[in-house]
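For reference, the chains in residue letters:
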Amino acid sequence: MILAATTNESLARMSDLLIYSSMAVYTLAFFAHIAEWVFGSRSKVGRTAAALTQQAAGAAAPAVTVQVTKAGGTAVLDKPQVVTRSAAGTRDVPDGPGAAGGTVKGDLYGRIAVSLTVLAFLVEASGVVARALSVQRAPWGNMYEFSTTFSTVAVGAYLGFLLAKKNVRWMGLPLVTTVLLDLGMATTWLKTPSDQLVPALDSYWLWIHVSTAIFCGAVFYIGAVGTLLYLFRDSYENKLATGGNPGAFARSVMERLPSAASLDKFSYRVNAAVFPLWTFTIIAGAIWAGDAWGRYWGWDAKEVWSFITWVGYAAYLHARATAGWKGRKAAYIALIAFACFLFNYYGVNIFVSSKHSYAGV
Amino acid sequence: MSKTDTTETERTGDEAAGAQLSTAPQEETALGGPTLGVVGWVRWFWRQLTSMRVALILLFMLSLGAVPGSLVPQTSADELKVAAFKAAHPTLTPLYEKLQFFDVYSSVWFSAIYILLFVSLIGCIVPRTWQFVGQLRSRPPGAPRRLTRLPAYTTWRTEAEPEQVREAALAVLKERRFRAHTAGDAVAAEKGYLREAGNLAFHVALIVMLVAFAWGQLFKSEGGKLIVEGDGFSNTLTQYDDFKSGSQFGTDELQPFSFTLNSFNGTYEKGGPQRGTPRTFEADVTYSEGGADKKAVIRVNEPLKVGDSKVYLIAHGYAPVVTVKDGRGKTVFHGAVPMLPIDNNITSTGAIKVMDGYRDKNGKKEQLGFTALFVPTFAGAGSGTMFSQFPALDFPVMALTGYHGDLRVNSGLPQNVYQLNTTKMKQFKIDKGTGVAQRMLPGETMTLPDGAGSITFEKEIKEWASFQISQQPGNGLALAGAIAAIAGLTGSLFIQRRRIWVRAVRGADGVTVVEMAGLGRSESAKLPEELGDLAVALTAQAPPTAVPEPADEPAEDPAPSGEADK
Ligand code: HEM
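Top to bottom, those sequences are chains A and B. Its first residue numbered 1233, the first sequence is counted upward by one per residue in the numbering used here. Its first residue numbered 417, the second sequence is counted upward by one per residue in the numbering used here.
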């Protein structure tokens, strides 16, 4: 029985050690990413402006050629080449080459950064697992545990995207930076020694509800980073399109990011994919509340902010289907929705008294 | 930035091909009011209300409106907190009361927002459903003239006859469960109708959930009952300490059952930094629905379910047993007195009230009252604190202060069982302790001065548990709605609705030109991939011929319109 278990001190100490070690490795990854950006800046990338001027000059749609290659006479056919084209009304701008800027040295540092991130992720994940073993329960009983799991999942999701060969390496630096902030906060202000749960948290719904909540938060976070960069990149492209002349630093950074359209699509996909899971999280929470408190919905502060977050993301999805709200406005809504998620996570736990506030700060 | 070279006709061609790929309402571009009198205005208003833009604004207002309820205490959640807030903010209170900030979620304005939203939702779903049914019964629209303009495009030349290619394309597409038909020189196909179905199901499910919620509110009942170990409860209105019900609830709908609390067991963390944190709470009960007695354990996350009703364990505390004797040695009170915990270590306060039967040493009828402070684990004499050090019964101590006089229980005002109204009472002077209160260990007796009698703190200390008994219909419906909502949403967000066209015409040089293009509701990386796969499948029956000289084929217009339009 979970409750009879005694806290295993040495495992707990090992977990702490692993978390601190992961922070050290993340710091190395952070510097490697900085090096990637610094060396990448030596490259000359000005493709956005070129693409925009080409469009303004009325260049024709990409020419279509029939591409059939025959290999060694035995008529092995390649796929016919598919030409893609953005919908009318969107800018056709190529994606930037990434932080490394296509330079060999930058790319080397980038690869080092990713390898270090993988290592840090493994160390951090073991730290979370050790914590779970030390308390013999799900490691989500207080904010320290939420925070460490949260950043582990966010990095895991990012590495998952990399593994799936998605173009996300541009996210490396912002992600590693914020993961360090998150862990720094967790190990200083939110640190709670490992221990067991109060009876109200001792339920299998904890596994279901809290794990999905953390997962949703971590992936929404990745979406939010994409959205934020989209806004910057979109301003940059707008400036170029209207003949503006961005500063050298902005140019160097922005040119290496994916195009605004790609960033927007990326964050939409991420947010849209998580939204049903977030819906499920709230419903699972309601079922749990029904068992634990005798009502499945009682407008408790935590419930209210989950609901606000949910409506916020629903508004975002709607905005993307509403004329006049696509693009930047929808992006602002997505950021507001994520801010609501964050407030629910930190704000409600710390400032608002709620039935959920036993999640020890 | 739209393409400057897109001519008007081409754009309309694209739009026709993409039309009805979703059932989203058309945006009203002109916001000016109508000129058609009342009916016109009503229609205009209705169209506004059911537009996406207004739905979006209402969603915004709904989330904004929910905020104050999380920051201001709510009557429905905690009346005591509301009272404390009102006392602390005398200037804000009247304003908040006017704005219904203490009852946000049942306020007029919050209800107005969500009712408007749901009216908008219904006004949106009904026409969308008809439109969708219409789309299901009609065929995918024919190919636009210029397939090169679509988001994904491919082309090749083949020796196969155009009719042959079209037939093959039809077969390939149908095999992949596209709805396909041949229209003129091209095959038109569409797939992913489940997206729209899922979206409609999701929105309908939201309405189902709202109805279930409202139903539950109207017919629910909820009451609290504090029970000391050994005592019982039967589910009738008079037995409740407090009781709330929805406006449509009839008291005869209370589920007939009864239960007895055999024992309550709490265990607490013994050491470490979280010493004292509760680990288990268990209430052992025997219950009966009219038939045989059954045993059950109620825990915090595990209510007892009896028919439609659920019995939840809400709180617990201690109920020391005391015996009060009057001046002549006659027992006038004997029983367990529940004490109200005031901190996490269950330092508790309470009142012992002896209402009748007591006579003082002169035989005069009087009432007795004691205020009690009970700690399950005493810090030790001289520690300077009377607060409990641990929640379990390790070193129980009770401090009592006695009063005699009139308890004022019949003054007409409701009385708090944990507090004594001492306005009409006189305090006993006590020789031990502080002179006012006396600290007692279990088994000890305090003698009241002037032969006024005695009070004994018995060795046996009982625990009490309080329960909430709720009955709420509509939960099953709400759950069904929730599951349907998630399923619909998943379909709506993960399924891509897309159209594919395959055109095969004989080129100027007599060789067949195959063109394939795809269009999705939203741009998706999957669409070009799928188009590529389909093209590969089709090349099996329409093998490509050699690449012609570039001069033979103008890249911009591979299908000369003269032939395409025939
Ligand atoms: C209770 C309030 C509502 C909520 C929570 C809600 C939620 C959602 C969500 C999450 C989506 C995303 C699905 C997707 O992108 O395909 C969606 C789509 C949609 N909603 Fe709502 N909705 C609500 C009310 C309405 C109303 C009142 C309308 C009518 C004006 C409406 C019309 C639509 C349409 C047309 C779509 C499809 C958009 C698309 O195809 O991308 N919804 N809704």
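Do not take every clue at face value.
Calculated pairs, BS3-like style, for lysine-lysine (alpha carbon to alpha carbon, straight line, at most 25 Å) [stated by the list, open to error]:
1. A:Lys1398 <-> B:Lys746
2. B:Lys686 <-> B:Lys878
3. A:Lys1397 <-> B:Lys686
4. B:Lys942 <-> A:Lys1497
5. B:Lys780 <-> A:Lys1534
6. B:Lys842 <-> A:Lys1534
7. A:Lys1558 <-> B:Lys942
8. A:Lys1423 <-> B:Lys842
9. B:Lys746 <-> B:Lys842
10. B:Lys607 <-> A:Lys1534
11. B:Lys780 <-> B:Lys842
12. A:Lys1497 <-> B:Lys502
Please keep in mind that the hints were generated in silico from the structure rather than gathered at the bench.
Taken at face value, is the distance from the CA of A:Lys1534 to the CA of B:Lys780 at most 25 Å? Violated - the C-alpha atoms of A:Lys1534 and B:Lys780 are around 57 Å apart, more than 25 Å.
Within a Cα-Cα threshold of 25 Å, do A:Lys1397 and B:Lys686 meet the stated pairing? Status violated; Cα separation ~51 Å.
Taking 25 Å as the top limit, are the C-alpha atoms of A:Lys1423 and B:Lys842 close enough? 52 Å, violated
Check whether the Cα positions of B:Lys746 and B:Lys842 lie no farther apart than 25 Å. The hint holds at about 22 Å.
What's the verdict on B:Lys842 and A:Lys1534, does the C-alpha distance respect the 25 Å limit or exceed it? Given pair B:Lys842, A:Lys1534 is violated - Cα atoms ~48 Å apart, limit 25 Å.
Going straight from one Cα to the other, do B:Lys942 and A:Lys1497 come out at no more than 25 Å? 13 Å, holds
Given hint B:Lys746 paired with A:Lys1398 - CA-CA distance at most 25 Å: Not OK: A:Lys1398 and B:Lys746 at ~86 Å, beyond 25 Å, violated.
Satisfaction of hint between B:Lys942 and A:Lys1558, Cα-Cα up to 25 Å: 22 Å, holds
Regarding the pair A:Lys1497 and B:Lys502, is the alpha-carbon distance no greater than 25 Å? It is violated: about 49 Å lies between the C-alpha atoms, which goes past 25 Å.
B:Lys607 paired with A:Lys1534 [C-alpha distance capped at 25 Å]: Answer violated: B:Lys607 to A:Lys1534 is near 41 Å, above 25 Å.
Keeping to a limit of 25 Å between CA atoms, is the pair of B:Lys780 and B:Lys842 held or broken? 15 Å, holds
Would the hint linking B:Lys686 and B:Lys878 be met if the CA-CA limit is 25 Å? 21 Å, holds
Hint violations for this structure: numbers 1, 3, 5, 6, 8, 10 and 12, all remaining hints satisfied.
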